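Engineer: Each chain, letter by letter, is given below.
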Amino acid sequence: MVATSAFQASIEKIMIGDDERLSGQARFDQFLNLLVFVLLGCWVPSHLLMSPDWSEPKAPLTLVFVLGSVVFYWGAPVRRRLVLGALFMVGCLLAAIEFPNTPNHRLLELVPLGLAGLTCSQSAVERRVFFSFIRTFALVVLFYAGVQKLLLGTYFEGQYLAYKTYATPSFQNVAHLWCSQAELQYFQSLPWPPYAGLTGFKLKTWYGLLISNLTWVLELVLPLLVVFSAKRQVWLVITLLFAASFQLAALEAEFFLMMLILLSLYFNDAHEKKLFGVVAVILAVNFMAFSGVIS
Amino acid sequence: MTPLKKRIYLALAVLLLVWPWVQHSMVQQVHINPWRFFGWAMYAMPSPGIRIAAADDKGQRIDLTQQPLRGFSDTFSAKRMHYGDLLEPYDLADAILAEYPKMQSVSLDVSTIMLEPATGNIKERKQTFVFSR
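First to last, the protein sequences are chains A and B. Reading the first sequence from the start, the letters are residues 1 to 295 in the working numbering. Reading the second sequence from the start, the letters are residues 1 to 133 in the working numbering.
Okay, chain B solo, but in the shape it has when bound:
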């Protein structure tokens, strides 16, 4: 066996042993999806659900169920479910501001719906993002 092959095996072994701890730490710190990213936490925690609400600078609700905003909203939700806090809704905010040219700023409430292990209840974790022109 060549030294290079030995090194490949050793590096792979270290990576496979260390990575699940890194993935778990990212689940705790930035709320990435526990099911994904090869941490072997499938069937350990339900995938989170994502809800988005948008409002203009006067507090009026913006409809995200119509195209083209729906496409941006769905794409962001699908990615946010996996990337957690690592992904912020820049593209969705840009799309909203482009759709409503007179709007000066947009506020986005991003809620993550998840199972709370301690209580066995469903809880919501909300983050608010404000984007101005």
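In isolation and in its complexed conformation, chain A is listed as follows:
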């Protein structure tokens, strides 16, 4: 009975939240402003600014999202929920058009957007449930990323990092972190595209094997530490640094920005206003990189 009630208390702590500071109306409004800003910053450059194809529905849909965002920011506050619902519908249409090539981070964007439209901003309980759910969702994503790496078995001997070093230039740029010079030369000498019979996709350096295995171990352990450890704030900073370190090779700004704003909800104090600046800088660098202004 004691074990059951302790378990129940833990679930309630995760689902409803243990932090009174989460339920503030100002933080809720600031978070929604930030969320829509991130989505605008990610979708507008990729679907509207960089060679938009008006024969495809993505560009017009993004334009509708921009118009909806204008109403969200500058329209009557009473219509905010309605606008959020509309923005969510636009996001769902975008995901449906992309299917089956819909990126996983689309779900990371749509869940908070949809639940925000569902949440009555006047209710402290609803705000707390909303925040607790979406920040836990971010940790669940991180945890499952580790579970999948464990189950698919491509990190024990550095197989995946070795393959990506062969296949992806952005990984080659930072490959010295896990490859010796000889390994890097070997991977760069292999022909493209890959064919049956290509061999040697395993790392041999001790630091390569360490990085490879630390990746899935940290993905499994950090979410648990953020939820259950007394030193949550420390583990949270480490988790954010870990998520940021992926950007060195993967260059997945959209995924990282969503993780950043969702995980930041675990900070004791509201940082949403400060995050606007951080997000703007990351979006600007990302845009310049993809448009060729910087390499």
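There are no misleading hints in this set.
Each computed BS3-like pair below joins lysine-lysine, with the alpha-carbon atoms no more than 25 Å apart:
1. B:K123 x B:K79
2. B:K58 x B:K102
3. B:K126 x B:K79
4. A:K204 x B:K123
5. A:K58 x B:K79
6. B:K58 x B:K126
7. A:K231 x A:K274
8. B:K123 x A:K202
So the derived label-pair ranges between C-beta atoms look like this:
9. A:F276 x B:T119: 47 to 53 Å
10. A:G85 x B:F129: 43 to 49 Å
11. A:N101 x B:Y90: 16 to 22 Å
Hints in this document: simulated from the structure, not taken from any laboratory. From a predicted model like this one, the values you see are computed outputs, not experimental measurements. For glycine and all other residues, C-beta sits at the position ideal for the given N, C-alpha and C.
Start from chain A and add chain B according to the hints.
Structural biologist: Frame of chain A; chain B shown alone:
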């Protein structure tokens, strides 16, 4: 908070917790693309590559690099990479049989190129589909 909202949150929580296991099971059983379908297995396994070879009923190779067959072949490859064994090349076979009216049957070898975790080698998994008129 209304009971309906509670139910929505609960259903979503269950779905988000259970779905990655379903997706993983589909990766294992029918070879869907691990990167896709919201299983959070990005950067866990390279996307598979697809190669297609077609032959007529006499074993003569059919050129899939010319239009209109190239379009059908590319479309099938792009979808097969994501749907795995759930997608069979009916449309491509129909297009080939329409392009060559005297052909009685067509054989399609669909190869999936993938990284084998145990060996660290690239391996090929081939499936053959035969379609008759």
